[in-house]
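Knowing the structure of chain A, use the given hints to seat chain B on it.
There are 2 protein chains.
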Amino acid sequence: MTLIDGKQTAKEIKEELKVKVAKLKAQDHPVPHLAAILVGNDGGSVTYVNAKVKACAYVGMESTLITYDDQVMEKTLLDKIEELNNDDNISGFIVQLPLPKHIDERKITLAISPSKDVDGFHPENVGRMSLGLPAFVSATPNGILELLKRHEIPTEGKDCVVIGRSSIVGTPMSILLSRNTPTGNATVTLVHSRTKKLEEICKRADIIIAAIGKPHFVKAEMVKEGAVVIDVGTTRVEDNTKKSGFKLYGDVDFETVSKKVSFISPVPGGVGPMTIASLLLNTYKACVQSSDKLSIPQK
Amino acid sequence: MTLIDGKQTAKEIKEELKVKVAKLKAQDHPVPHLAAILVGNDGGSVTYVNAKVKACAYVGMESTLITYDDQVMEKTLLDKIEELNNDDNISGFIVQLPLPKHIDERKITLAISPSKDVDGFHPENVGRMSLGLPAFVSATPNGILELLKRHEIPTEGKDCVVIGRSSIVGTPMSILLSRNTPTGNATVTLVHSRTKKLEEICKRADIIIAAIGKPHFVKAEMVKEGAVVIDVGTTRVEDNTKKSGFKLYGDVDFETVSKKVSFISPVPGGVGPMTIASLLLNTYKACVQSSDKLSIPQK
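The listed protein sequences correspond, in order, to chains A and B. According to my numbering, the first sequence is numbered sequentially starting from 534. According to my numbering, the second sequence is numbered sequentially starting from 534.
Just so you know, the hints here were simulated from the structure itself, not pulled from any lab data. Errors might be hidden in some of the hints.
If several chains are the same, the list does not tell them apart, and a pair holds so long as it fits within one copy or across any two.
Cut-off 20 Å, straight-line C-alpha distance, at most; resulting in silico cross-link-like pairs (SDA-like, lysine to any residue) [to be verified]:
#: 1; residue 1: K544; residue 2: P633
#: 2; residue 1: K587; residue 2: H635
#: 3; residue 1: K780; residue 2: S700
#: 4; residue 1: K540; residue 2: T768
#: 5; residue 1: K729; residue 2: T714
#: 6; residue 1: K729; residue 2: T716
#: 7; residue 1: K736; residue 2: K747
#: 8; residue 1: K691; residue 2: L731
#: 9; residue 1: K551; residue 2: D575
#: 10; residue 1: K634; residue 2: N574
#: 11; residue 1: K730; residue 2: K757
Bound conformation, chain A alone:
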């Protein structure tokens, strides 16, 4: 069994980006610049946005953190988004979710220009991805593809089961793995809460992507000998023995499943660390595209 070490892979990606960004600087090319909008002071969001800013600094990218208190008006956010859309110094930007209830997240997501939407949440990017056009693919699916690629796990002709049909992981993952690309060409079955004989279907899979959000849902008896298992789940379960007060549970019962598989990604330390690396990759791409006028075509 080989452990898919997301921490290590994310580190490799960051080191590669460091070199690439330094090259841009040496060529007097504009440097990738990520802006992040943070509303309120939800602990998770603050930590996560700070980690993104720190990662930018590490690879030599610029970043701008824009903060608002949780009473901010929707209009204020929309105006800032409009400003960032038109600011040539910003390669791409994100609005950290979740937002306070009085703000319409959908409206905010739709306001971001698809060519600066490095989170890949805008429907135009989702559609472009589905159509095989140049697109920003969102962090988690993109991170999973990177993990598979960098661990040289072939997908072509493989039976792949994606557990969970969420808009941000399961559904895009099923599309990406089906496409005619080097990290695609798999035969994908998307299973969910209404699926019958779920265990039987999982048992047939060469590759399982578990993204259902139920702690230890995937048991050893659901997994074929020698399969590849990617665990996307991250459920916080209270745990007083931890400094943070909680323990992170994946969707896979790692202890038993890991004994049967060829590759497995742990939680924590698997897919999680890849999300920031994916965001940096997208920001780099946004920068290079926009200054080379190779930007995704706008209406």
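Just chain B, lined up with the frame of chain A:
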């Protein structure tokens, strides 16, 4: 075995629309108005566009046909699209594909405002569909859902195999059938040219959607007793005994497969007739949405 009669279903939809459009007129509500751009005089395209115009007239909708010779400049088309995007009298419009080689189809598709894109080809509509947001779904997938719904064929919890991963049929079909909706909730496997054991996978299916474009690809031995089979294939094969000079072949070997199944859609007369009905449904929706200011939110 029940024949899924697309001609009859399309007729029912048109009759329903006729009543609805008459109601709009009686309420002094703007009437749905479809514009169609036709470039050149390719026989198939001319026939198809004319059929669309005729169908509009039948249900009481307005239509405008805009024709160009095949030497038209891309810029001229883009200008016309811009004009139609901003014309409040036009509910929605289409550009009949294929276009001459000197015109970039992708650029044309991207130029159409998503809120008037009644063909549902713009990436924003594809993405919206995938995200479960209000969207124009393209004619063929939409037509298939209508056929299933109107024949009361349940999809929830069913094992569904979609053969072929094209952007316009297979991929959107796999997404639509997976979603948490009354015409979704199926467990979908998307199979394609790189799939191994394709016959075995098909044999497990409760519902097969064949959209691979290979005449009579689906044989009786690939189909489970009592399955539902929807044939999307339309390959023209030369046939001098026909007035048109060709015969239309589906992806399904109808003669043998029809003996095993519970429902089957024939070719011709199955999915084909539904595409124009779908376009009319989208045009009606575009009209009602835009005048009720319920339009899909714009950036």
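Verification of the hints:
no.	hint	result
1	K544 with P633	neither (33 Å within a copy, 48 Å between copies)
2	K587 with H635	neither (30 Å within a copy, 48 Å between copies)
3	K780 with S700	neither (25 Å within a copy, 42 Å between copies)
4	K540 with T768	within (19 Å within a copy, 50 Å between copies)
5	K729 with T714	between (30 Å within a copy, 17 Å between copies)
6	K729 with T716	between (28 Å within a copy, 17 Å between copies)
7	K736 with K747	within (18 Å within a copy, 31 Å between copies)
8	K691 with L731	both (18 Å within a copy, 12 Å between copies)
9	K551 with D575	neither (30 Å within a copy, 53 Å between copies)
10	K634 with N574	within (14 Å within a copy, 54 Å between copies)
11	K730 with K757	both (15 Å within a copy, 17 Å between copies)
Hints 1, 2, 3, 9 from the list above are not met by this structure, while the remaining hints are.
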